[in-house]
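Following the hints, complete the assembly by docking chain Y onto the known chain C.
Protein chains: 2
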Amino acid sequence: MPDTILETIYQRRSVRQYTEQPVAKELITELLKAAMAAPSASNSQPLEFLVITASDVLDKIRTKMRFANYNAPAAIAVLGNPGIANNSSGKYFWQQDGSAAIENLMLAAVGMGLGTVWIGVHPIAPFERTISQILGLPEQVYPLGLVYVGYPAETPPPRTQYNENVIHWEQYEPRKRRKKNRNTKYDQD
Amino acid sequence: MPDTILETIYQRRSVRQYTEQPVAKELITELLKAAMAAPSASNSQPLEFLVITASDVLDKIRTKMRFANYNAPAAIAVLGNPGIANNSSGKYFWQQDGSAAIENLMLAAVGMGLGTVWIGVHPIAPFERTISQILGLPEQVYPLGLVYVGYPAETPPPRTQYNENVIHWEQYEPRKRRKKNRNTKYDQD
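Chains C and Y are the protein sequences, given in the same order. Numbering of the first sequence is given in this note's numbering, commencing with residue 1 and proceeding in unit increments. Numbering of the second sequence is given in this note's numbering, commencing with residue 190 and proceeding in unit increments.
Isolated chain C, as found in the complex (with noise of 0.2 Å):
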C-alpha cells in the first residue's frame, strides 16, 4: 500500500484487466464513504450512487456501452438528481461534485488494493440514454459515470503527467506552441 497521499495519487491508474475475486459489499460501503466524503457545492448534495454486481446487468453494460467492456465484478455508477438536492446548487454544480466524489473513490480503492476504471458517460446522449435504460434511471436522475471496481489483475505504474507548459504563473499567457495547430491545413483532429 502507498505510504503518503501522492504516492496513493500517483498509483491511481485506469485498471482494464481484473481478476475474478468479487468485491465485499463492506468495502464498497468503505468506497462510498469517500466518495461522500467530496465537497459539494454549497453542500448541495446532488448525488447518488447505484452499485451493480449482477453479471447479466454487467454484461448488457459492457456489450452495449462503448469503452465499457471491461471484465470488472462490480461497477458503481454515479448519478446526478438535482431534485433531491439541499439547494439550486445541486443543478449547476452536480457534474463537478459526482467527479470530485469520482476521484475519491478512486482513490480510496487504492488503499484497499483494489483497482478502478471511470466510464465517462454525461455528456454524451446516447451513452447516456444507454445507460438510463439499462439501469432504469427515471429521467430526472442523470448518469454521470460508471466506475468500475474490482482486484487488479494489471498494475500500470505510479505516474504524473504533469506539464509545465499548461502552468501559468500570476498571469495568463498565451503560448506560441500548441499541442494542436488550428492555424495550419495539417491539423486533421
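Errors might be hidden in some of the hints.
[Stated by the list, open to error] Restraint-style ranges between C-beta atoms, simulated for each label pair:
(1) C:S55 with Y:T208: 48 to 56 Å
(2) C:S42 with Y:R318: 16 to 24 Å
(3) Y:Q329 with C:Q21: 45 to 53 Å
It is worth saying that the hints were derived from the structure and are not from the lab. For each residue, glycine too, the CB sits at the ideal point set by N, CA and C.
What follows is chain Y alone, placed relative to chain C:
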C-alpha cells in the same frame, strides 16, 4: 498528518481562515503534480492552471467575486481549454477532468498541512465573466473554479457525509421520502 488515504479524504474540509504564511512555490508545484495525475477522459488533457499570489489580484477576486472573500495567500485557477486537448473528449469532459484534478490537489494539500477551499465559477455566467476579466483569460479558456491555498487558521473536524438513503444496491429504487417534496404546496424552494 493523516496515515491513510481514508483519513486524508475525511480530513479534507473547506478552510475559510488562513494564516499570513505564504505557500512556497515548490509546494504549489507539488500540488500541480498531484492535480495532473488525475484521470482525463481519453487522456485528452484539456486543462491549464493559473497560480495567483499577487495580493492586488487576490484582493480583486475577494471583493468582486461572490463567495470568495477568504484570506488565503494563494489561489489556483483551474481552466478548461479544449483547444489544447489531445482529442475531442476535451470538449465534453473538461469539467469532469478539472474537478478530479481539483480534488487531487486538495487532498495533496492535506498531506502537506495546507488548507484549501474550492470556489465554484463555471457554469455561473456572471462568475465566469468576473474571473475571466480579472485574470485576463482569452474567450476560449473557461474558468472552472478557483482553489484557495494556505496554512489553515481553523481546522474543521474530519468527516464524511455518508448517507445510505442515496445508495441503491443492484437497481435504482425511487424513494418515497425525498429531502424535498415537489408535490406539496409547502415546497418553497
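Comparing the hints with the structure gives:
no. : hint                          : in the structure
1   : C:S55 with Y:T208: 48 to 56 Å : holds (53 Å)
2   : C:S42 with Y:R318: 16 to 24 Å : holds (20 Å)
3   : Y:Q329 with C:Q21: 45 to 53 Å : holds (46 Å)
Taken one by one, the earlier hints all hold for this structure without exception.
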